[in-house]
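Student: For the protein sequence lines, the chains are F and P, in the order given. Position 80, counted from 1, in the first sequence is what the working numbering calls 568; the numbers after and before it change by one each time, with no gaps. Position 68, counted from 1, in the second sequence is what the working numbering calls 71; the numbers after and before it change by one each time, with no gaps.
Accuracy of the hints is not assured; some may be wrong.
Claimed, not checked - Restricting the straight-line Cα-Cα distance to at most 27 Å, the calculated cross-link-like pairs of lysine-lysine (DSSO-like) are:
{"hint": "1", "chain 1": "P", "residue 1": "Lys21", "chain 2": "F", "residue 2": "Lys553"}
{"hint": "2", "chain 1": "F", "residue 1": "Lys653", "chain 2": "F", "residue 2": "Lys640"}
{"hint": "3", "chain 1": "F", "residue 1": "Lys553", "chain 2": "P", "residue 2": "Lys140"}
{"hint": "4", "chain 1": "F", "residue 1": "Lys615", "chain 2": "P", "residue 2": "Lys21"}
{"hint": "5", "chain 1": "F", "residue 1": "Lys606", "chain 2": "P", "residue 2": "Lys22"}
{"hint": "6", "chain 1": "P", "residue 1": "Lys172", "chain 2": "F", "residue 2": "Lys553"}
{"hint": "7", "chain 1": "P", "residue 1": "Lys21", "chain 2": "F", "residue 2": "Lys653"}
{"hint": "8", "chain 1": "P", "residue 1": "Lys82", "chain 2": "P", "residue 2": "Lys33"}
Don't read these hints as lab results, they were simulated from the structure.
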Amino acid sequence: MTAEPIMNTGEGAASGEEIMTYQEDVFRVCLGFSRNPVEAEDLCQDVYLKALRKIGTLQDRGALKAWLLRIARNTCLDQQKRGRLFRLFKRSVARDDARVGPAQEGEASARERLAELKEAVRRLPAKQREVFVLREYGHLSYAELAGTLGLKQGTVMSRLSRARKSVFGQMNRGKS
Amino acid sequence: MSHKPLDPDFQEISALLKKEEDEALAFFRKRNFRARLEVGLQETAAVKWPAAFFRRFAGPVLTTVLVLVLAGTVILVRKHRAPAAAPGFETLASALSPLPGFTPSLAKESAAMTGPAGTFELADLIGQALASAEKIKMEEEKRISVPTGTGKVPRLSPGRRMEILFKEKVIERALRLATDDSKEV
Numbered sequence: 489m490t491a492e493p494i495m496n497t498g499e500g501a502a503s504g505e506e507i508m509t510y511q512e513d514v515f516r517v518c519l520g521f522s523r524n525p526v527e528a529e530d531l532c533q534d535v536y537l538k539a540l541r542k543i544g545t546l547q548d549r550g551a552l553k554a555w556l557l558r559i560a561r562n563t564c565l566d567q568q569k570r571g572r573l574f575r576l577f578k579r580s581v582a583r584d585d586a587r588v589g590p591a592q593e594g595e596a597s598a599r600e601r602l603a604e605l606k607e608a609v610r611r612l613p614a615k616q617r618e619v620f621v622l623r624e625y626g627h628l629s630y631a632e633l634a635g636t637l638g639l640k641q642g643t644v645m646s647r648l649s650r651a652r653k654s655v656f657g658q659m660n661r662g663k664s
Numbered sequence: 004m005s006h007k008p009l010d011p012d013f014q015e016i017s018a019l020l021k022k023e024e025d026e027a028l029a030f031f032r033k034r035n036f037r038a039r040l041e042v043g044l045q046e047t048a049a050v051k052w053p054a055a056f057f058r059r060f061a062g063p064v065l066t067t068v069l070v071l072v073l074a075g076t077v078i079l080v081r082k083h084r085a086p087a088a089a090p091g092f093e094t095l096a097s098a099l100s101p102l103p104g105f106t107p108s109l110a111k112e113s114a115a116m117t118g119p120a121g122t123f124e125l126a127d128l129i130g131q132a133l134a135s136a137e138k139i140k141m142e143e144e145k146r147i148s149v150p151t152g153t154g155k156v157p158r159l160s161p162g163r164r165m166e167i168l169f170k171e172k173v174i175e176r177a178l179r180l181a182t183d184d185s186k187e188v
C-alpha cells in the first residue's frame, strides 16, 4: 500500500485515507451479496469510487463505517436488481463444483455444502438476506446493522434470527 | 462471530462462511486494491467528466436554444408578413350598395375622381349610407311597438326577419372592412 493519499479531498483528505482502512469490511459485504470474490472486488471498487466522490458530503466522521457499508449495500442491491449478480452467482456455484478434484473427497463435500449454503442464502427474502449478509460477512454489530439499514435493533435481531433459522432449515433439508 | 441462540446448529454454517470468507480475503489481499482503485479513479475522471458535464448542462442549454430559435422564427415571420391590404373605398362602397340610403352611381363617380377630392366624396357617401342605415333601423324599432307588461315580443314574418338580418350583415361587413378586421381582400 502506498503512503500517498488516495484522493485529494481537501479537508476530507484524512477521511479519504480513513475509508481505505475499511476496504476488507466493504469487500466482505460485497462478497456476501455477490458470493463471488471477483465480482465482490469489482463491487468494492464501485463502492469506493462512489464514496470518494461523495466524501465531502459526510458530516459525521464517526459514522464513516456505517456510511460506507450503506453505500456498499445499496450498490450491491442495485447490481442485484439488474440481475447481474444472480447470473454470476449461478456461475460461481457451477465453478465451485467444477473445481473439485476426485481425490479431494472432504473438500468436495465442503464445496457441496457451501453451494447449498449459497443457494439457501439466495433464497432468503431480500430483507432477511441483507441482514444476514451484513451480519455474517460484514461482521456488523446489531447497533451498526440498525444504523446502516435504518431499522430498530429489535427488528434487526428478529430478521437475523428468522434468516438463520431459514438457512439452517434449508441446509438440513439438503443434508437429509 | 458469535451466534448465541443457534450456536450448536449454526456451527457448520459458520465454519462454511468462515472458509469462504478466508479464501475470498486471501484472493482480495493478493490483488492490489488500492492501485486498482487509483486506476479506476483516473479513468472515471478522464471519461466521466464530459458525460457528467453534458448530463448537467445539456437540458438547460437545449431548452435555451429551442426558445431562442422559436422566438427568432416568430419575430422573422411577424416582420416579413405581407401587410394586410387596406380595404379600398370601392370595396366599402360595394359592400354598402345594398343599403337603401346608398347611391351606387354617385359612389362610382366619386371613386373615378382622382386625388383627395374623390376620396373625401366617397368617404362622405359611405358615412351617409351608414347613418341612413342606422336611422332606418331606429325607425323600424320604433314601429315595432312592444306591448308593455305582457312580456311578449311581436312575431315578425320570416321575410321581414330576413330583411333585418340582411341589413345588419351588410353593415357588419362594411364595418369589418373599415376596421381592417376582415380576411376579405
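Student: Determine for every hint whether it applies to the structure shown.
Tutor: A quick look at each hint next to the structure:
no., hint, in the structure
1, P/Lys21 to F/Lys553, "holds, 22 Å"
2, F/Lys653 to F/Lys640, "holds, 20 Å"
3, F/Lys553 to P/Lys140, "violated, 93 Å"
4, F/Lys615 to P/Lys21, "holds, 22 Å"
5, F/Lys606 to P/Lys22, "holds, 13 Å"
6, P/Lys172 to F/Lys553, "violated, 86 Å"
7, P/Lys21 to F/Lys653, "holds, 18 Å"
8, P/Lys82 to P/Lys33, "violated, 74 Å"
Checked against the numbered hints above, the structure violates hints 3, 6 and 8; every other hint is satisfied.
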